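A.B. asks: Now for the letters of each chain:
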Amino acid sequence: MNSDLTQNTVVEAVELKKTYQLGKVPVEALRGVNLKVERGEFVCILGPSGSGKSTLLNLIGALDKPTSGKLFIDGIDLSTLNDNQLTSLRLKIGFIFQFFNLIPRFTALENVELSMSIAGIGRDERRKRAEQLLEDVGLKDRMNHKPAELSGGQQQRVAVARALANNPRFLLMDEPTGNVDSKTAREVIALIKKLNQDGVTIMLVTHDQNLSREAKRTIHVMDGEIASDLVN
Amino acid sequence: MKSRDVFSFSFSAIKLRKLRAGLTILGVVIGIAAVVALLSISQGLQTTITNQVEKGLGANTLVITSGTGGILGGASGGLSGGSLVPSAPSSLSGANSAPKLYLNYTNQIQALSPDITAVVAVVQQSGFIQNGDKVIQISGGIVGVNFSEYASTYGNTFKAEIGAIPLSPSDNDIVIGQRIYDPTLNGTTFANVNDEVTIICTNTTQLPYTNQTYTAKVVAVLPKIGGFQISGPSDTGVYIPITQASSFFGTDEASSIIVTLKNSDSTRITSVSKLITNYFDNQVSVTSAADVSATVSTLTSTLDLFLGGVAAISLFVAGIGIMNIMIVSLIERTREIGILKALGMKSRTVLTIFLGESAIIGLVGAVSGIILGWVLSEGVALAFSGGSSGITLSPILTPQVALLALGFGVGVSAVFALYPAWRASKLRPVEALRYE
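Residue numbers (the numbering used here), protein chains in the order written: chain X, 17 to 248; chain W, 20 to 455.
Simulated from the structure, these hints should not be mistaken for laboratory data.
Remember, it's a predicted structure, so these values are computed and weren't measured experimentally.
Hints may be right or wrong, so weigh each one.
Claimed, not checked - Now the in silico label distances, taken between C-beta atoms and shown as ranges:
no., chain 1, residue 1, chain 2, residue 2, range
1, X, Asn-195, W, Gly-430, 40 to 46 Å
2, W, Leu-382, X, Asn-50, 50 to 56 Å
3, W, Leu-382, X, Arg-229, 54 to 60 Å
4, X, Lys-209, W, Ser-22, 36 to 42 Å
5, W, Leu-382, X, Gly-138, 22 to 28 Å
6, X, Asn-160, W, Leu-382, 27 to 33 Å
7, X, Glu-165, W, Gly-41, 42 to 48 Å
8, X, Leu-38, W, Leu-422, 50 to 56 Å
9, X, Glu-165, W, Phe-325, 52 to 58 Å
10, X, Phe-115, W, Leu-382, 32 to 38 Å
11, X, Asn-50, W, Glu-455, 21 to 27 Å
12, X, Asn-160, W, Leu-401, 49 to 55 Å
13, W, Leu-382, X, Gln-148, 53 to 59 Å
Said to hold, decoys possible - Pulled a few chain W residues facing chain X out of the computed Cβ check, cut under 10 Å:
no., residue
14, Ala-32
15, Lys-37
16, Arg-39
17, Asn-297
18, Phe-299
19, Asp-300
20, Ile-358
21, Lys-360
22, Arg-367
23, Leu-452
Unchecked claim - Some residues of chain X that are not near chain W, with every Cβ distance over 12 Å (derived):
no., residue
24, Pro-42
25, Asn-74
26, Asp-80
27, Thr-103
28, Glu-126
29, Ser-198
30, Thr-200
In this text, a Cβ means the ideal position worked out from N, Cα and C, and glycines have one as well.
Same shape as in the complex, but just chain X:
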């Protein structure tokens, strides 16, 4: 893997296709997507359910492999990587999920530490950084609480801190406000906006218009293809 960190294009998709086998019926989730995302962008992917937007996000996140077409992350062709290399690549991608996906038995601090511990960072260093990150997202006094003791918004902020822990090249968010109330959603949106202002590249899938309005670029996906790609 020859990662070029000076590369400005963080994600590039060429004729990306993904076909699922649903029973005996093949379902074409993506039918040839071409896309380029530059460093520092804030891209919002919109589309009705079943349009393939989540599939696109999973492919960009190296969680899934395309059926055909090419995907480059930081200039690396993902099709040349084996499973282990793909896994290592994910260390450099920050995921934020609709259902937070925190480990319930771990405290907020331990959850943030987890991604760094997977990356092999030593205990003292990762603790310090996790504390700093939680402080940055405004959870300084909730660090030792378990997810069940935190509100939805607080859990999502822990997830953001976790996603940022390994200094990712970009953040991928799947409906980050999909599972919180509107007041909390506003907090989460403000946080995302601030992250982008600080230079973090963000790609997200959402139905939340309050969130999509903040994006600098909006991509509509329809029936597995990009219907429109607008810069706000």
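Knowing the structure of chain X, use the given hints to seat chain W on it.
C.D. replies: For chain W alone, coordinates are given in the frame of chain X:
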């Protein structure tokens, strides 16, 4: 991921399901405890028997009997025939080819090797002893020996606890074992030193069988010897001078000849044994403590194998228990595995975490099992020791057995967790994350 972090992750998963992990550990504990207890007891048994054999036979003594059966073979009608079955008298068994072992062979045997320090001939018959109106059977046999030679061969056991053993006894002097002196071991003595008793022996050399008797005087009582005796003094024996035995039994044949060597060096034992069998043209059996121990250890290894097999089954069941709980854990934690993989955890690490979990279960189970097994074996030993046999069984837990048990506990756990761990590592992140 650092191995310490992998370990603490495995541990946190176990801590979450304490009862379940506890029950799984219990399965391992029972399996390992069974292995350890059974093997320690069997090992202790073997050592006890070997010690008894060496004590009873003497590590540096050889027993020569006529015929090829050996003293454990029973064919010779030698020492082992002493209790209930009368020794086959020479005239009746004269038809078979077993050569006669005469009392006066001792000098010839003595001359065979400089390694031989003493040769004692023993004449033995079954019989009864009567004191007043009380008669008891002499289950250890009426044993005719040269008192001074016998005492020098069996210095530890052929010594007087009460009275004194005369070096040149008169014909009617006898020495009795502890359980002739006090048959029930409760202080009610049958005969005391200086008592006049009647020795009764059935003459089977001619029909009709007749009882022969003579009046003897008890001069000494042996200390309590305990255990079982293969040769040498026993608690249930009555010892009379060899000359008296020869004339009383009407024979000049020895039931057995006991050869004492300079030491218990095994090559010396083997070479002298060979020398003697060759001298008698392979018509006699020479038995040493080592021979008997070897027979015993063959028996106990078979026992070990059997017990080990039983214990292995319980370990196998424990292993299935582990596999079961790991599969349940895998299903419950599918989403967690998806998260870990999405965060960049390698399949190998996921595998290690699952194997680590079961290895911890195995380790805790094995250590507890070894302790429990040891306690159990001590308990069993306590329950079976003592009693009239006088044999104390002390279980032996060798470091090898402990290590083996530890290895098995962890090994079985890891092996049975391989499949669930492999399945966990192969989960695809997208599907795992979708799992509810």
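A.B. asks: Does the nearest C-beta of chain X fall within a distance shorter than 10 Å of the C-beta of Lys-37/W?
C.D. replies: Lys-37/W check fails; min Cβ-Cβ to chain X is 12 Å, beyond 10 Å.
A.B. asks: Using the nearest Cβ pair, does Lys-360/W come within less than 10 Å of chain X?
C.D. replies: holds, 7 Å
A.B. asks: Does Leu-452/W pass the interface hint, meaning its C-beta sits closer than 10 Å to a C-beta of chain X?
C.D. replies: holds, 7 Å
A.B. asks: Holds or violated: 27 to 33 Å for the Cβ distance of Asn-160/X and Leu-382/W?
C.D. replies: 30 Å Cβ-Cβ, so the 27 to 33 Å window holds.
A.B. asks: Quick check on a hinted range of 32 to 38 Å for Phe-115/X and Leu-382/W, using CB atoms only.
C.D. replies: holds, 35 Å
A.B. asks: Less than 10 Å between beta-carbons is the criterion; does Arg-367/W satisfy it with respect to chain X?
C.D. replies: Holds. Min distance 8 Å.
A.B. asks: If you check the beta carbons of Glu-165/X and Gly-41/W, does the distance land in 42 to 48 Å?
C.D. replies: About 26 Å separates the Cβ atoms of Glu-165/X and Gly-41/W, which means 42 to 48 Å is violated.
A.B. asks: Let me know if the C-beta of Ile-358/W comes in closer than 10 Å to any C-beta of chain X, holds or violated.
C.D. replies: holds, 5 Å
A.B. asks: Does Asp-300/W meet its interface restraint, that is, does its C-beta lie within less than 10 Å of any C-beta in chain X?
C.D. replies: At about 78 Å, which exceeds the 10 Å cut-off, the nearest Cβ of chain X leaves the hint on Asp-300/W violated.
A.B. asks: Once the closest CB in chain W is found, is it more than 12 Å from Asn-74/X?
C.D. replies: violated, 5 Å
A.B. asks: Could you check the hint for me, namely that Asn-195/X and Gly-430/W are 40 to 46 Å apart, CB to CB?
C.D. replies: Cβ of Asn-195/X to Cβ of Gly-430/W: about 45 Å, so the range 40 to 46 Å holds.
A.B. asks: Just checking, Glu-126/X versus chain W, shortest CB gap more than 12 Å?
C.D. replies: Not fine: 9 Å to the nearest Cβ puts Glu-126/X too close to chain W.
Checked against the numbered hints listed earlier, the structure breaks hints 7, 11, 13, 15, 16, 17, 18, 19, 25, 26, 27 and 28; every other hint is satisfied.
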